[in-house]
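Residue numbers (the working numbering), protein chains in the order written: chain G, 69 to 590; chain Z, 167 to 544.
By construction, these hints were calculated from the structure, which means they are not laboratory data. Model, not experiment: these values are computed from the prediction. Glycine residues also receive a C-beta, built at the ideal position from the N, C-alpha and C atoms. Honestly, I wouldn't trust all of these hints.
Said to hold, decoys possible - To give an idea of the chain G side of the interface with chain Z (calculated C-beta under 8 Å), a few residues:
id	residue
1	A174
2	D175
3	T357
4	S360
5	L361
6	I404
7	S415
8	F419
9	G442
10	P448
11	L482
Stated by the list, open to error - Taking CB as the label site, the calculated pair distances span:
id	chain 1	residue 1	chain 2	residue 2	range
12	G	C505	Z	G301	31 to 41 Å
13	G	E350	Z	E505	31 to 41 Å
14	Z	I491	G	R190	56 to 66 Å
15	G	S415	Z	A320	24 to 34 Å
16	G	A199	Z	E505	32 to 42 Å
To be verified - Just so you have them, the derived chain G footprint on chain Z, three or more residues with Cβ under 8 Å:
id	region
17	271-281
18	383-390
19	396-405
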Amino acid sequence: MPADVNAEPAKGQERPEVAVELRGITKRFPGVVANRDIDIRVRTGTVHAVVGENGAGKSTLMKTLYGMHRPDEGTISIEGEQVVLRSPADAIARGVGMVHQHFKLADNFTVLENVVLGAEPRSGFFIDFSAARTRIAEIGLRYGLEVDPDALVEDLGVGDRQRVEIIKVLYRGARTLILDEPTAVLVPHEVEELFDALRELKAQGLSIVFISHKLDEVLSVADEITVIRAGTTVATVDPRDVTARALAELMVGSDLPSPTTSGSTVTDVAELVVEHLDLTGEDGRQLLTDVSLTIHRGEVLGIAGVEGNGQAELVETILGIRMPSSGRILLGDEDITTWTTRRRRESGIGFVPADRTHDGLLLEAPLWENRILGHQTRRPNVTRWGLVDRAGARADTQRIVKEYDVRTPSIDVLASALSGGNQQKLIVGREMSGEPCLLVAAHPTRGVDVGAQAAIWDLLRAARAKGLAVLLISADLEELIGLSDSLKVILRGRLVADVDPCDVTPERLGSAMTGATGGEAA
Amino acid sequence: MNLWRRIGLGLAAPLLAIVFSALVTSVILMVTGARPVETLQAMVEYAGRPRTQVLIINSATTYYLAAVAVAVGFRMNLFNIGVDGQYRLAALLSAALGGALVLPKALHVLVVVAAAMLVGALWAGFAGYLKVRRGVSEVISTIMLNFMATGLIAYLLAPGRLAVTTQGSNNLGTRPIPESGQVPGLGLVPGTPLKVYGLLVLAVLVGAGFWFLVNRTRFGFDLRATGMNEAAAVTSGVDVRKMVVASMMISGAVAGLIGMPQLLGASYTYSLDFPAGLGFTGIAIALLGRNHPVGIAIGALLWGFLDNSGQILNLRDIPVEIVQITQGVIVLSVVVAYELVRRYRLLAVQRDVGRTLSQDPPEDEGPQTVAASKGAPA
Chain G
69 MPADVNAEPA KGQERPEVAV ELRGITKRFP GVVANRDIDI RVRTGTVHAV
119 VGENGAGKST LMKTLYGMHR PDEGTISIEG EQVVLRSPAD AIARGVGMVH
169 QHFKLADNFT VLENVVLGAE PRSGFFIDFS AARTRIAEIG LRYGLEVDPD
219 ALVEDLGVGD RQRVEIIKVL YRGARTLILD EPTAVLVPHE VEELFDALRE
269 LKAQGLSIVF ISHKLDEVLS VADEITVIRA GTTVATVDPR DVTARALAEL
319 MVGSDLPSPT TSGSTVTDVA ELVVEHLDLT GEDGRQLLTD VSLTIHRGEV
369 LGIAGVEGNG QAELVETILG IRMPSSGRIL LGDEDITTWT TRRRRESGIG
419 FVPADRTHDG LLLEAPLWEN RILGHQTRRP NVTRWGLVDR AGARADTQRI
469 VKEYDVRTPS IDVLASALSG GNQQKLIVGR EMSGEPCLLV AAHPTRGVDV
519 GAQAAIWDLL RAARAKGLAV LLISADLEEL IGLSDSLKVI LRGRLVADVD
569 PCDVTPERLG SAMTGATGGE AA
Chain Z
167 MNLWRRIGLG LAAPLLAIVF SALVTSVILM VTGARPVETL QAMVEYAGRP
217 RTQVLIINSA TTYYLAAVAV AVGFRMNLFN IGVDGQYRLA ALLSAALGGA
267 LVLPKALHVL VVVAAAMLVG ALWAGFAGYL KVRRGVSEVI STIMLNFMAT
317 GLIAYLLAPG RLAVTTQGSN NLGTRPIPES GQVPGLGLVP GTPLKVYGLL
367 VLAVLVGAGF WFLVNRTRFG FDLRATGMNE AAAVTSGVDV RKMVVASMMI
417 SGAVAGLIGM PQLLGASYTY SLDFPAGLGF TGIAIALLGR NHPVGIAIGA
467 LLWGFLDNSG QILNLRDIPV EIVQITQGVI VLSVVVAYEL VRRYRLLAVQ
517 RDVGRTLSQD PPEDEGPQTV AASKGAPA
């Protein structure tokens, strides 16, 4: 760490008018040009929003600015000086800090320890915690970011954790903060708190780059908005001159893809019935309490909730990865409560996992072997004798690649070589194979590009029309409202409300997710 | 990525490791005052003799079985360090059984081999059971089981229990297996009365079976999937607990075979001087051969070469321990080299895919989008 790490972001001192300027940034990745000719000027002391659809290239751009990779073309200037950023450490030394979408905190450390981690003030051989404590208190006072330095991070709520991340960045002397989708994990009142903090930071002369795809938020907090579409800057607008509708059109181009389904295909045949499900964790915590739901053939049931309220556990219980402490699960007419995961999958449960690389793919195996995963006991992957049918699996992988538009040079490349959207299309194609009767889809369009997103929505709609029952878990409220035939809200492991998707706005759904009493969500 | 490049990358790591260890060995030889090139020449010349060739093949047969036993676990990220105890206990008990039975020829061999596999599987199965039921790391439990095997063997290999004394010798061994249970050697190498172990055939079969199991069966797919990504395997319906127990038992069953070529082809008895420590050699060779049946075969032959032709060094006043240094450096550097090549390969594949796809631009970046972005209001 350079010596000026602890330097105050001086107020009132002569500062260049432009905090950060990106010119002609182009960054290519396998299979996609993630960024192309990007131009952005962030003025000092402003909140500059960068908006774009999922997969438009926002995060790639911010990684460029934070030195996590180098652009193939283009220049970066920070405070008037052209720089080459070789690593995040370079960016931090130049006063650019980043708050990641997924927090990078050590849960079993205190706030204080997390903040100093990697930038420890020393006194001789020891960490000078008292100096750090003083500085954290100063930052808290100055920017209105107060948090108990001795609290364990694992005991903090999401909003507080984010505050810790911001303090961490300020502690390292950042004058420009990049916030990558900071509101994705927050409930509405936490969003308000965050925005208050951002306004305070701005008033103190700091510059903020705010990445989002939520237009209302952007319009309320930004001083300037740059729109990115398909990897390139489309326009820079003043929020006072633009409506949410106009921004949305800039973001997605002329035809707005929408997750809306038309006409109900819901039948009265129950495909999945969950009755009074209770789930206790290994540590004795109650993870699910009295969960009951029914999904009919041709119905999409959406589960709305702030992440970490039992969605993952519900999915794992339905798949048989966790065994409920009480309650029943019926698939069609059969009680599958005690069945193994394999037997459930064989009987027609498809699964699109929330984290595709963690739960859905063998990254170091070729695509055709990934086609077999989850379908190890079924044709065309295996023969009757329990042998792998290479020809069958390969042919069917070709089919998926073609039908689901998976962009790959061959089915022999490793899954890790594909872009996220193409990996996801492969997974969706695989899970739609073998005529599933129930599809459990967790965040099916997370982190995929707009084209793939629209394609996946189409696929879900088509499958629903053919009688597939779908359990949809998503953090994208518009996706939930648009695709679902019925919606339930999950909070602390309980289904607390039924919502009619025809008659609800994302805002109202968002507030329902925090609980009817308006109490804090965990 | 074409086939030749894949093979090239596959060979790069072990070759790098062997070259590197040759360099290190040369330096050590020079420090001790020997001339490296001539030393190697002497070893190669010695290895060219028919007698040494038979010894190399026989060592390699045993090493091969040991390495395959380890590799079965490695393929699932299970570290079966207990191969050593498994094969020694299996050899002792099957030797005692073989010595006590009177059976027709083929059946006698079969019974002894089956008993050895069973003992190995059960001994390894303990470790698997402890892992899935009690969460005990197999690394710890198999090390402990090695010690227990040593103790158990010492207890059983005593007069009045499984051992008989041989006249004029203070060696202790099980009752010799009669001729019906012996496997005659194969005179594959002309120019020497020494014969290659008949159970060389068994090693070849085990190698082929291992390849088939891992690459062609559903069980093998589950095994590899679990090794590559356990979470994804669980989600796909693999019962990881069953897989742990099953693969530990398969590993142990193969381990049980390690002592068979020696037992049924040469010594016919398990005695105090029965070779020990082969399980650890197996770990080194499995690493070198990258858990691949052919790679392991090459590694086993290399080890056999180093061990046997190294004997010539004594005659030239070079400490034979130099061979162990070479082997140690090979194993250490091969682990590093594999990781480097693995990372390079992942990047290379990504680059290839990127290059192929960028020559064929996706449709959604067509002129319509470009026109729209140009026409957008600023």
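To see whether the hints hold, each was checked on the structure:
At a threshold of 8 Å, the smallest CB-CB gap from A174 (chain G) to chain Z is about 22 Å, leaving the interface hint violated. Hint status for D175 (chain G) relative to chain Z: violated, with the closest Cβ pair at about 19 Å, above 8 Å. With its C-beta approaching chain Z no nearer than about 24 Å, T357 (chain G) sits outside the 8 Å limit, and its interface hint is violated. At a threshold of 8 Å, the smallest CB-CB gap from S360 (chain G) to chain Z is about 24 Å, leaving the interface hint violated.
The restraint placing L361 (chain G) at the interface with chain Z is violated, with a minimum CB-CB distance near 21 Å, outside the 8 Å limit. Proximity of I404 (chain G) to chain Z is violated relative to the hint, the smallest CB-CB distance being about 13 Å (cut-off 8 Å). Evaluation of the S415 (chain G) hint against chain Z yields a violated restraint, the C-beta minimum of about 11 Å exceeding 8 Å. This hint holds: F419 (chain G) has a C-beta 6 Å from the nearest C-beta of chain Z, less than the 8 Å allowed.
At about 4 Å, the closest approach between the beta carbon of G442 (chain G) and any beta carbon in chain Z falls short of 8 Å, and the interface hint on this residue holds. Interface restraint check for P448 (chain G): the shortest CB-CB distance to chain Z comes to about 13 Å, outside 8 Å, so the restraint is violated. A cut of 8 Å between beta carbons decides the hint on L482 (chain G): the least distance to chain Z is about 5 Å, and the hint holds. For C505 (chain G) and G301 (chain Z), the hinted distance range of 31 to 41 Å is satisfied, since their beta carbons lie about 36 Å from each other.
Between E350 (chain G) and E505 (chain Z) the beta carbon distance is about 33 Å. The supplied range of 31 to 41 Å therefore holds. A beta carbon spacing of about 42 Å between I491 (chain Z) and R190 (chain G) contradicts the range 56 to 66 Å that was offered as a hint. Between S415 (chain G) and A320 (chain Z) the beta carbons are some 53 Å apart, a value that contradicts the proposed interval 24 to 34 Å. Range check, A199 (chain G) to E505 (chain Z): about 40 Å between beta-carbon atoms, so the 32 to 42 Å window is met.
Proximity of the region 271-281 of chain Z to chain G, defined as three or more residues with a beta carbon under 8 Å from a beta carbon of that chain, is not established by the 0 residues found. Taking a C-beta to C-beta cut-off of 8 Å, the region 383-390 of chain Z contributes 7 residues in contact with chain G, enough for the three needed, and the coverage statement holds. Figure legend: the region 396-405 of chain Z, annotated as covered by chain G; annotation consistent (9 residues with Cβ-Cβ distances under 8 Å, at least 3 required).
The structure shown violates the earlier hints numbered 1, 2, 3, 4, 5, 6, 7, 10, 14, 15 and 17.
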